[in-house]
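Q: For the protein sequence lines, the chains are A and B, in the order given.
Everything in the first sequence is counted per the numbering used here, starting at 1 for the first residue and increasing by one.
Everything in the second sequence is counted per the numbering used here, starting at 1 for the first residue and increasing by one.
Since the hints were derived computationally from the structure, they do not count as laboratory data.
Take these hints with a grain of salt, some might be off.
Taking lysine-lysine pairs in the DSS-like style, the calculated list, with each CA pair at most 27 Å apart, reads [stated by the list, open to error]:
hint	chain 1	residue 1	chain 2	residue 2
1	A	Lys61	A	Lys74
2	B	Lys86	B	Lys38
3	B	Lys232	A	Lys61
4	B	Lys86	B	Lys55
5	A	Lys74	B	Lys232
6	A	Lys65	A	Lys83
7	B	Lys38	B	Lys55
8	B	Lys38	A	Lys83
9	A	Lys61	A	Lys83
10	B	Lys232	A	Lys65
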Amino acid sequence: MPEPVLSIRDLTVEFSTEDGVVSAVTDVNYDVFPGEILGVIGESGAGKSVSVMTMLDLIPKPPGKVLSGEAIFKGRDLLTMSKRDLRDVRGGDIAMIFQDPMTSLNPVLTVGSQIAEAVLAHNRDADDDSARDRAIELLRLVGVPNPEQRFDQYPHEFSGGMRQRGMIAMAIANEPSMLIADEPTTALDVTIQAQIVEVLRTAQRETHAATILITHDLGLIAELADRVCVMYAGRVVELSDVYTIFNSPRHPYTVGLMNSLPRVDVDQEMLQPIPGQPPSMIAPPPGCAFHPRCLHSRGRVVCRTDVPPLRTFGEGADHLSACHFAEELAEAHVVGIGAEQPA
Amino acid sequence: MLTYIIRRLLYSVVVLLVASFLIFTFVTVSGDPLSFLKMSPGVSQETIANITERKHLDDPIIVRYGYWLRDAVTDQFGTTIIGERKIMPDIQRVMGHTLQLIIAAELLAITLAISIGVYSALRQYSVFDYLATTFSFLGLATPVFWLALMLQVLFVNVYLWWDIRIFYTANLSGVDPGGGIDFVLDRAQHLALPVIVLSIANIATYSRYMRGAMLEVINSDYVRTARAKGLKERRVIMRHAFRNALIPLTTVVALNFGALIGGVVVTETVFALDGMGFYFINALNSGDPYPVMAWLMIVSTGVIVFNLLADITYGILDPRVRHD
Ligand SMILES: Nc1ncnc2c1ncn2[C@@H]1O[C@H](COP(=O)(O)OP(=O)(O)OP(=O)(O)O)[C@@H](O)[C@H]1O
Ligand SMILES: [Mg+2]
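So that you can see chain A by itself, here it is in the shape it has in the complex (with noise of 0.2 Å):
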């Protein structure tokens, strides 16, 4: 296997809160390796969006911690960076395009102006022509029609989908080796949405960019991940490449999840939802933190008292889970569990 572009290691965050100390994302690990589209899933408050924002400082701080954790980018630790450094690898090689593109775009500057204001950030030598050339030429890339007027308009003279293009041409620029798309579809319309993947798909094309793509929209990963991350609680449950994890899961949050999507192979009576609620972030359960709605666990003690590690299990290297009980799940399946729900 090639090098990864990024690794992170054991990255743990937290927040203080009123309420107490919200433990955002916990011993996070997982690589990015070149040119692949890393999907990650997960519930409201898994943690996702929390993980990829500290690599680029894009938490506040406080309340955000971070406790401890690397993530290495190209060799370098981007947690340990200098601000100077890490500006430069802000917008230049590693790029972010956020969930909402109605908020995420400064409602009193030009579309055009911003895109622009990315490309002088990181090019010495480019002049205000210039930079307004090549936001053009990145407007008329993500599909956007008439880009020289379209330059001079404000983002609320853009739809919904035409500012999440606007977001993606920014976030290009500058040829990023890594994009990271927090939810980039779940703000639009269905319509849009497709549109958006598409834009998507070209802009990694065009970049050759690996890709952290976090998202709730399992048909969207299905179509555009190579690997999959699941996580749950703060942390990494499950690893594989996409077609293991949609055919073969071995964590019963992933299972529970693919129960919970309608499918065309399978005669379904019902789609199968996860039983009960996200756990709190302030106090999660001990041991296992989905012990309380796995349907797997059955009032096994170590689920309750030991955090399992996220591990490989005997079916190669590249299919990681934290179940204790991951192998069994080979022999209980999919369709097996959803079907033998406990009286």
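Given chain A, put chain B with the ligands in place with the hints provided.
A: Below, chain B with the ligands alone, put in the same frame as chain A:
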């Protein structure tokens, strides 16, 4: 934008007309404008009859309103009852003085408040932030007349004890203010205390506004986007945060400025400044309704004009509300 301004101006004229009618009615029914003269011993019946005749005081209110409105428009609010003094030149004079006072106070308040507000927001929960919060509550809670008196006592005593004249504690100018730079210095020494008194409460209010707006903006998604682009922190703050945070303050300042024209009564009275507030108190005491009504009209106009200015600046700063 232009059509919007024209529409607003036309609308303002209607508002002013309604205001003028209300002002005239209320001031007129609130007392007999001649009662003061009638009680004065040296005033003859003839004089009173003359005045009644000239000001149409025997006519129904609506007719008198018509005459008054005509005078207001064609003759700059006409003359006072007593002494037949032209009203407008007096108001122009005191307006000039009041504007000096307000503009200086507002400039001071705005610069200080913006600095304090921005710095508090950037260092939220720091010692500075807590101090600023405490002082702004103190500033808001301090009665203007009390503060004014305390400052007078302080500077009078400084003068008496050490024979040092830092600030004057009353009037607009010295006996012989001189000309040119001497005049300006003399005026500054006279206006300093009233300016401080007048700006204290505004520094408190504005800095709170600025802090709140800045905090909101700093935590906004688009500031995060600006950081994620790799911009320098200075640029993030100045170009992306500061400008947006100024928008709400602009409106508050413009509205407040209009209101201040009439709101300087206490300060001007304590410092014996020949300004709008001082003029108003004198007009009320004289029992003559004509300067009172003229004053009310002019202050109303000021408020309306600054309302309009507030909207226009808002439109300039925020492209989303640019009217067409
Ligand atoms: N600024 C903050 N202050 C306090 N807690 C925070 C802050 N930002 C995030 N958190 C907490 O960190 C945890 C992880 O948040 P995160 O935003 O990473 O979730 P997510 O997986 O991205 O969810 P979503 O799908 O809703 O975006 C949550 O419990 C959240 O409440
Ligand atoms: Mg998120």
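Q: Against each hint, give a clear statement of whether it holds in the structure.
A: Hint check:
1. Lys61/A - Lys74/A: 25 Å, holds
2. Lys86/B - Lys38/B: Satisfied, since the Cα-Cα distance of roughly 22 Å is no more than 27 Å.
3. Lys232/B - Lys61/A: 18 Å, holds
4. Lys86/B - Lys55/B: Holds: lysine 86/B and lysine 55/B sit about 14 Å apart, inside 27 Å.
5. Lys74/A - Lys232/B: Given pair lysine 74/A, lysine 232/B holds - Cα atoms ~23 Å apart, limit 27 Å.
6. Lys65/A - Lys83/A: 16 Å, holds
7. Lys38/B - Lys55/B: 16 Å, holds
8. Lys38/B - Lys83/A: With Cα atoms ~81 Å apart, lysine 38/B and lysine 83/A exceed 27 Å; violated.
9. Lys61/A - Lys83/A: 14 Å, holds
10. Lys232/B - Lys65/A: Answer holds: lysine 232/B to lysine 65/A is near 22 Å, not above 27 Å.
In terms of the numbered hints stated before, the structure departs from hint 8 and from no other.
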